[in-house]
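Undergrad: Residue numbers (full-length UniProt numbering): 1 to 413.
Keep in mind that the hints were calculated from the coordinates and are not lab data.
One thing to keep in mind: the hints can contain errors.
Stated by the list, open to error - With a cut-off of at most 27 Å between alpha-carbon atoms, the simulated DSSO-like pairs for lysine-lysine come out as follows:
(1) 150 x 308
(2) 80 x 308
(3) 50 x 372
(4) 45 x 115
(5) 237 x 225
(6) 372 x 406
Said to hold, decoys possible - Derived DEER-like restraints, expressed as beta-carbon distance ranges:
(7) 222 x 395: 27 to 33 Å
(8) 226 x 391: 27 to 33 Å
(9) 395 x 229: 54 to 60 Å
(10) 242 x 57: 39 to 45 Å
(11) 226 x 168: 28 to 34 Å
(12) 408 x 226: 42 to 48 Å
(13) 85 x 159: 23 to 29 Å
(14) 93 x 322: 47 to 53 Å
(15) 322 x 187: 21 to 27 Å
Glycine included, each C-beta is placed from N, C-alpha and C at the ideal position.
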Amino acid sequence: MFNILFNGFAKVYMKNEAFMYFGLMWKYCLPSIVTYGTFVDMFCKMGDMKMGNRMFLDMMKVGIVPNLVVFSSLIDGYCKAGSLDVAFEYFERMKECSVRPNEFTYSTLIDGCSKHGMLARADSLFEKMLSASILPNCTVYTSIIDGHFKKGNVDDAIKYINQMFDRDIKLDLTAYTVIISGFHRVGRFDKSMEAAEYVAKNGLLPDRIILTAIMDVHFKAGNIKEALNAYKILLAKGFEADVVTLSALMDGLSKHGYLQEARRYLVKENANEILYTVFIDALCKEGNLDDAEKMIKEMSEAGFVPDKFVYTSWIAELCKQGNLLKAFMVKKRMVQEHVEPDLLTYSSLIGGLAEKGLMIEAKQVFDDMLNKGITPDFVSYDILIRGYHNQGNGAAISGLHDEMRKRGIIVED
1 MFNILFNGFA
11 KVYMKNEAFM
21 YFGLMWKYCL
31 PSIVTYGTFV
41 DMFCKMGDMK
51 MGNRMFLDMM
61 KVGIVPNLVV
71 FSSLIDGYCK
81 AGSLDVAFEY
91 FERMKECSVR
101 PNEFTYSTLI
111 DGCSKHGMLA
121 RADSLFEKML
131 SASILPNCTV
141 YTSIIDGHFK
151 KGNVDDAIKY
161 INQMFDRDIK
171 LDLTAYTVII
181 SGFHRVGRFD
191 KSMEAAEYVA
201 KNGLLPDRII
211 LTAIMDVHFK
221 AGNIKEALNA
231 YKILLAKGFE
241 ADVVTLSALM
251 DGLSKHGYLQ
261 EARRYLVKEN
271 ANEILYTVFI
281 DALCKEGNLD
291 DAEKMIKEMS
301 EAGFVPDKFV
311 YTSWIAELCK
321 QGNLLKAFMV
331 KKRMVQEHVE
341 PDLLTYSSLI
351 GGLAEKGLMI
361 EAKQVFDDML
371 NKGITPDFVS
381 YDILIRGYHN
391 QGNGAAISGL
401 HDEMRKRGII
411 VED
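Work out the full structure: start from the sequences and follow the hints.
TA: So, in structure tokens, the structure goes:
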């Protein structure tokens, strides 16, 4: 009876009510593995890993051995929280408790490693999975392929794609999206289009992401007519053009010198904050800061306030062009207009300083970011590490590695 109640409360995340009956339960019967498993799973899904871990320790104290469900919930929760080191600790504890990981356990860890750029570990887990006679499904392959593409490991990504075909694993729309976007990201537009053709052949209806990627591929190949046709198909299928789609459209038109055409789309779509933002971002990425600044002025005069994305695009391109003085002036203006810089803004500034070898200043900006309560990610640390590496400062790199470990960011050897 109690476990049925707990399961109901857990589904709607009513932790207070669940705890009230948990206290009452002790008067009538002892909690079971099902009871603790329900609580652990609820807290992990809520992202409350502190309570999830506490329930795990409590069940161990009363002599209940955790099962696969408990371990999988904790591993999944810690992976989603970005604490992969803790997730791997639980993975090792599974062996101590004679609990064998299943497809979900491996899939969760491989996905976590792939998302955080830890591809060596992801590959190792994949091999362990095969050794345990657990066959990876489409989701597992998609995660590891996506990770390798994002890391620039094209050959490894292709290896896993070929494995999927060799093992006759049916690719879903998500897998095709990852493959199309992956080849597109590394400039293999022929392969990207080849994958897009597979989508049509297999009777899968392309979604907005795939159509956007196809449009972008055509733009990069110089096929303007085909690119605009892909955009028309996207709209005809009832998809609403989002920021990513419009960004690709504006970027493609701008880079091929069709600024007036891009402007016409801006007017046609009833210019709003998003369209201005997308157009400004496209101009910045093209390196056309003069027109970008004119557009920012026009945006302000139209009554729209430039947001964090506009300022960050502007700052990123200024840093890329080495104009650090102006980049910091824009950041000052940004703050004065009550727009708070985010992780990407700071990372751009840190990267610009590191590129010029100004590591003292780069670390000062990094520390300022920490003082503002912004948590650094693997990328922001990696920018500093590369800068220190160029100066041969091993001590500074070692210190950053220690910080990363404390934050639960895995450091690859």
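Undergrad: Each hint should be assessed against the structure and marked as holding or not.
TA: Outcome of the hint check:
1. 150 x 308: holds (25 Å)
2. 80 x 308: Holds - the C-alpha atoms of residue 308 and residue 80 are around 26 Å apart, at most 27 Å.
3. 50 x 372: holds (24 Å)
4. 45 x 115: holds (19 Å)
5. 237 x 225: At roughly 18 Å apart (the allowed maximum being 27 Å), residue 225 and residue 237 satisfy the hint.
6. 372 x 406: holds (19 Å)
7. 222 x 395: 27 to 33 Å: Given range 27 to 33 Å: violated, Cβ gap about 49 Å.
8. 226 x 391: 27 to 33 Å: violated (47 Å)
9. 395 x 229: 54 to 60 Å: At roughly 56 Å between Cβ atoms, residue 229 and residue 395 fall inside 54 to 60 Å, so the hint holds.
10. 242 x 57: 39 to 45 Å: holds (44 Å)
11. 226 x 168: 28 to 34 Å: Given a distance of about 32 Å, which is inside 28 to 34 Å, the answer is holds.
12. 408 x 226: 42 to 48 Å: holds (45 Å)
13. 85 x 159: 23 to 29 Å: holds (27 Å)
14. 93 x 322: 47 to 53 Å: Once the Cβ atoms are compared, 50 Å apart, the range 47 to 53 Å for residue 322 and residue 93 holds.
15. 322 x 187: 21 to 27 Å: holds (25 Å)
Hints 7 and 8 from the earlier list are contradicted by this structure; the remaining hints agree with it.
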